[in-house]
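Number of protein chains: 2
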Amino acid sequence: MKVVVVGVGLIGGSMAKDIKQHMSEATVYGIDQNPAHLEEAQALQIIDEKGTEEDLKTADVVLVSIPVDVMLTVLPQILHLVPETCVVCDAGSTKQLICEQLADHPKRRNYLACHPIAGTEFSGPSAAINGLFEGKTNIICEVEKTAFALQEKALALFQTLGMRIRYMNPQAHDRHIAYVSHLSHISSFMLGKTVIEKERNERDIFDMAGSGFESTVRLAKSSPAMWTPIFEQNKDNVIETLEEYIQNLTAFKALLLADDYEGIFQEMNNTNRIKSILKGIPLNKKTQE
Amino acid sequence: MKVVVVGVGLIGGSMAKDIKQHMSEATVYGIDQNPAHLEEAQALQIIDEKGTEEDLKTADVVLVSIPVDVMLTVLPQILHLVPETCVVCDAGSTKQLICEQLADHPKRRNYLACHPIAGTEFSGPSAAINGLFEGKTNIICEVEKTAFALQEKALALFQTLGMRIRYMNPQAHDRHIAYVSHLSHISSFMLGKTVIEKERNERDIFDMAGSGFESTVRLAKSSPAMWTPIFEQNKDNVIETLEEYIQNLTAFKALLLADDYEGIFQEMNNTNRIKSILKGIPLNKKTQE
Numbered sequence: 017m018k019v020v021v022v023g024v025g026l027i028g029g030s031m032a033k034d035i036k037q038h039m040s041e042a043t044v045y046g047i048d049q050n051p052a053h054l055e056e057a058q059a060l061q062i063i064d065e066k067g068t069e070e071d072l073k074t075a076d077v078v079l080v081s082i083p084v085d086v087m088l089t090v091l092p093q094i095l096h097l098v099p100e101t102c103v104v105c106d107a108g109s110t111k112q113l114i115c116e117q118l119a120d121h122p123k124r125r126n127y128l129a130c131h132p133i134a135g136t137e138f139s140g141p142s143a144a145i146n147g148l149f150e151g152k153t154n155i156i157c158e159v160e161k162t163a164f165a166l167q168e169k170a171l172a173l174f175q176t177l178g179m180r181i182r183y184m185n186p187q188a189h190d191r192h193i194a195y196v197s198h199l200s201h202i203s204s205f206m207l208g209k210t211v212i213e214k215e216r217n218e219r220d221i222f223d224m225a226g227s228g229f230e231s232t233v234r235l236a237k238s239s240p241a242m243w244t245p246i247f248e249q250n251k252d253n254v255i256e257t258l259e260e261y262i263q264n265l266t267a268f269k270a271l272l273l274a275d276d277y278e279g280i281f282q283e284m285n286n287t288n289r290i291k292s293i294l295k296g297i298p299l300n301k302k303t304q305e
Numbered sequence: 017m018k019v020v021v022v023g024v025g026l027i028g029g030s031m032a033k034d035i036k037q038h039m040s041e042a043t044v045y046g047i048d049q050n051p052a053h054l055e056e057a058q059a060l061q062i063i064d065e066k067g068t069e070e071d072l073k074t075a076d077v078v079l080v081s082i083p084v085d086v087m088l089t090v091l092p093q094i095l096h097l098v099p100e101t102c103v104v105c106d107a108g109s110t111k112q113l114i115c116e117q118l119a120d121h122p123k124r125r126n127y128l129a130c131h132p133i134a135g136t137e138f139s140g141p142s143a144a145i146n147g148l149f150e151g152k153t154n155i156i157c158e159v160e161k162t163a164f165a166l167q168e169k170a171l172a173l174f175q176t177l178g179m180r181i182r183y184m185n186p187q188a189h190d191r192h193i194a195y196v197s198h199l200s201h202i203s204s205f206m207l208g209k210t211v212i213e214k215e216r217n218e219r220d221i222f223d224m225a226g227s228g229f230e231s232t233v234r235l236a237k238s239s240p241a242m243w244t245p246i247f248e249q250n251k252d253n254v255i256e257t258l259e260e261y262i263q264n265l266t267a268f269k270a271l272l273l274a275d276d277y278e279g280i281f282q283e284m285n286n287t288n289r290i291k292s293i294l295k296g297i298p299l300n301k302k303t304q305e
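Read top to bottom, the protein sequences are chains H and A.
Okay, so the first sequence: first residue is 17 according to this note's numbering, each after it adds one.
Okay, so the second sequence: first residue is 17 according to this note's numbering, each after it adds one.
Hints listed in this document are in silico derivations from the structure and should not be mistaken for laboratory results.
One or more of the hints may lead you astray.
Identical chains blur together in the list; that is why a pair holds if it fits in one copy or across any two.
[What the hints assert, rightly or not] Capping the alpha-carbon separation at 20 angstroms, the derived lysine to aspartate or glutamate pairs in DMTMM-like fashion look like this: (1) K269 / E259; (2) K295 / E213; (3) K214 / E259; (4) K291 / E215; (5) K291 / E213.
Using the sequences and the hints given, assemble the complete structure.
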């Protein structure tokens, strides 16, 4: 089986590693617009070979994990190149615009719209790890638009990686992921910014930071090149979540100003429900340092 | 050496465990207003004995880790009971009000104002672990107001627990800790609230949550009984941090509304500096699940 991974960073690289580990019949070719990343991926034995356009023409599976703005131009090109028997899966954190872009593509049936929810705050080939997808959720959109045999091929691969599958339409995906992923990143980036700004005037306050702060700003280490186009493509949903978040923070501030500590207690007590909710989220121990 | 731990939860219980492990000459007595916690602490061998007022009268060291509102009435009472040779250390997340409250206490020299920065989101005796304080920072305020011999006694104990000591005045402590701890908790609680509210109308969105979301809302599991009085006592500083945070979130939203993606990239890129800052924060592996 010939697998071409386009974008050999955290997600593509981790898929490549698992495929090489679990599927001895597979040969993994890597394509990346960053030559240094490609060299690194080969040196780390994440990929077997560097790939070319020619390899796309004879591929069985193509896995594309690149920033979602680049995806809009690269995915149609890849689809033109691949044979009828090849399935092309992406890993973008937005789905609506990509699905719209490909709606009338002559090879639409070769494409499966995916979002494996398994990132960490790290990026690049050196961030790739085995087992990243074990027990994680893979959201698949518009599954009915993909050729049945190619759905099966992709699902067999995801099963090998240990993923749980959920089906959703692209609109619902983008609306929901804005809450459980995109908003978390903004809250984390802006928390980091608020504290860094304060530190400019008052030195050494980070000396007082504990693991709670570290956890809350962890996502502020994420790649701006990856996240800027995600926010752009999901602008409307992200703005809605941001408005609700700002409203909740403002209400909390109002309770403080009014010395309503019973109200503050209740706010926190109601949100403690998150404990039981989080128990249901499969975490990858390897991503927790 | 007779050590009395008042409040046998996460902090007090973890101190008790380390003292029992590293100081064979110490006997640890536990006092807690919750009889079930005290039973649990004894069953888990976190403490050697249950303690009474009489034990405070013959104690060498008293460690007080209880909610900061209760601290205001309990600390003066404890100070009245202990002998001249006993040092009383607290572990409150606010320092200004407690230091003011004790400023004119006849036994002020027996008190050392401390804040070991080593919490987790868990609470109660079962959350207590060995090694919680290893490499962590302990902020000490108004050290000059404590009798020199008692400073020495407390510092020897903190050294045994592996803590780094930083000296600070109570005002600076409360202002800085609002940024690196109190604001993180509010941002996390309100993020949890925003997503939970959304889930009421649209089911199953937590199925899409990954480890990034889990990390960002981890602190929303924290105890409301502990955190409400912290926010009350540090109201002015917390409101200031909240206003700056809301302002930064609102500015981010404005960039999105204006389609200024270069600006959004720069915001995130500037905050990526948090990576090198976080490398300097000592984390306790045991608190990272």
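Verification of the supplied hints:
no. : hint        : result
1   : K269 / E259 : both (15 angstroms within a copy, 8 angstroms between copies)
2   : K295 / E213 : between (35 angstroms within a copy, 18 angstroms between copies)
3   : K214 / E259 : between (24 angstroms within a copy, 13 angstroms between copies)
4   : K291 / E215 : between (32 angstroms within a copy, 15 angstroms between copies)
5   : K291 / E213 : between (32 angstroms within a copy, 15 angstroms between copies)
In this structure, every one of the numbered hints holds.
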